[in-house]
Amino acid sequence: MPTHHPGTAVAHSKGEIDTTDLPWALTTHLLAINHQQFLRVTRHPFLERAAKGSLPKSVIAQWLSNDRQYIEGYLSTLRNTLSLVQSTYKSTIAPDAEPDIETRLIKWLEAGIQNGEREIQFFQEVAEIYKIDYYPSPLQENLKSEGLRRYEALFNAVASQQPNSFIPWLEGAILLWSTEKVYYEAWSWARRQDTQSSPRGYENDLDGGAMRREFIPNWSNRDFMMFVEQLERIINEGVSIAVNRDDRRWAEVKNRADPIWRALLDAEEAFWPNVPSGEGSLIEPGVQRGVDGKMDENTLRSTGDDEILNEHQGVRAGDITTMRSNQHGAVAT
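FYI, in UniProt numbering the residues of the sequence shown are 1 to 333.
No wet-lab data here; the hints were simulated from the structure.
On a predicted model such as this, the values are computed, not experimentally measured, just so you know.
Just so you know, even glycine gets a beta-carbon here, dropped at the ideal spot from N, CA and C.
Check each hint, because a few of them may be wrong.
[Said to hold, decoys possible] Below, simulated DSS-like cross-link-like pairs (lysine-lysine); rule was C-alpha separation at most 25 Å, straight line:
no., residue 1, residue 2
1, Lys57, Lys131
2, Lys107, Lys90
3, Lys57, Lys144
4, Lys131, Lys52
5, Lys131, Lys144
[Unchecked claim] Distance windows between CB atoms, simulated:
no., residue 1, residue 2, range
6, Pro163, Glu203, 23 to 33 Å
7, Ile120, Asn80, 10 to 20 Å
8, Phe166, Glu117, 26 to 36 Å
Hey, can you work out the whole structure from these sequences and the hints?
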């Protein structure tokens, strides 16, 4: 039986453990940043409504059109990171030895590309079966959501960076893990919201069952969980080996990874379509909503675990500036 990665479980124990002596320290560190925003992102009303089968097809089409376009940037990041690793990696291990970090990362990236390409076909098939009229890619600028624009800016920012000689693959891998981690946690939460006392037919759902039968299971299943955890292990073990308990190196890694994680949360929070929350929602503490249930536009960025950043407060030092997935298979590690 596989052992699940412990990073999330110790995310709030930083003050009691030596984070430089843990192979999962980097993701533990990231998950402890802006935790309230992480909860908002992964417990959004869109997800709650998806779990209840109460999303109109028009809203799903809006989200699906943007998610389809997002995949293009995701695939580009996978390919760029793969090319970078292959161009800078020189194996020094014996043929019969355990695979090293770079070899494992290459395998994960190759699998990720295949998964992303399959997901494009998956989107098309679901849209045809459930008669969801979504816009094809490339998506016109006027149809792009704020979240998609932020994602595209983040993908471009990471791609345009000059590779660092110390862990050259760090930024690309962190971006990929961050988006997959958030997506898995979000759809897993959605799956847990479907708590009806007795099963009902999907035909009663406004979308005919597209969300509850297709999309939610696709991103909350065990294969996807293991896919995300494999990359988490690769990143954390690779960072742990490279840092080697050097405080200066550890600080450098955090300074490179933190802005990506923060920008990713901002992009994902803006990515979900605005929909009213259901009654009795356990969505998020501290988020202001209007009478229509939509989030206030000034609460899209947060500065800390319990703070909300509005448009008058500026941006954080070190932030990546922005413009305003899958049928995953297992990867051996």
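A quick look at each hint next to the structure:
no., hint, result
1, Lys57 / Lys131, "holds (8 Å)"
2, Lys107 / Lys90, "holds (15 Å)"
3, Lys57 / Lys144, "holds (17 Å)"
4, Lys131 / Lys52, "holds (19 Å)"
5, Lys131 / Lys144, "holds (21 Å)"
6, Pro163 / Glu203: 23 to 33 Å, "violated (52 Å)"
7, Ile120 / Asn80: 10 to 20 Å, "holds (18 Å)"
8, Phe166 / Glu117: 26 to 36 Å, "holds (32 Å)"
Of the hints listed earlier, the one the structure fails to meet is number 6.
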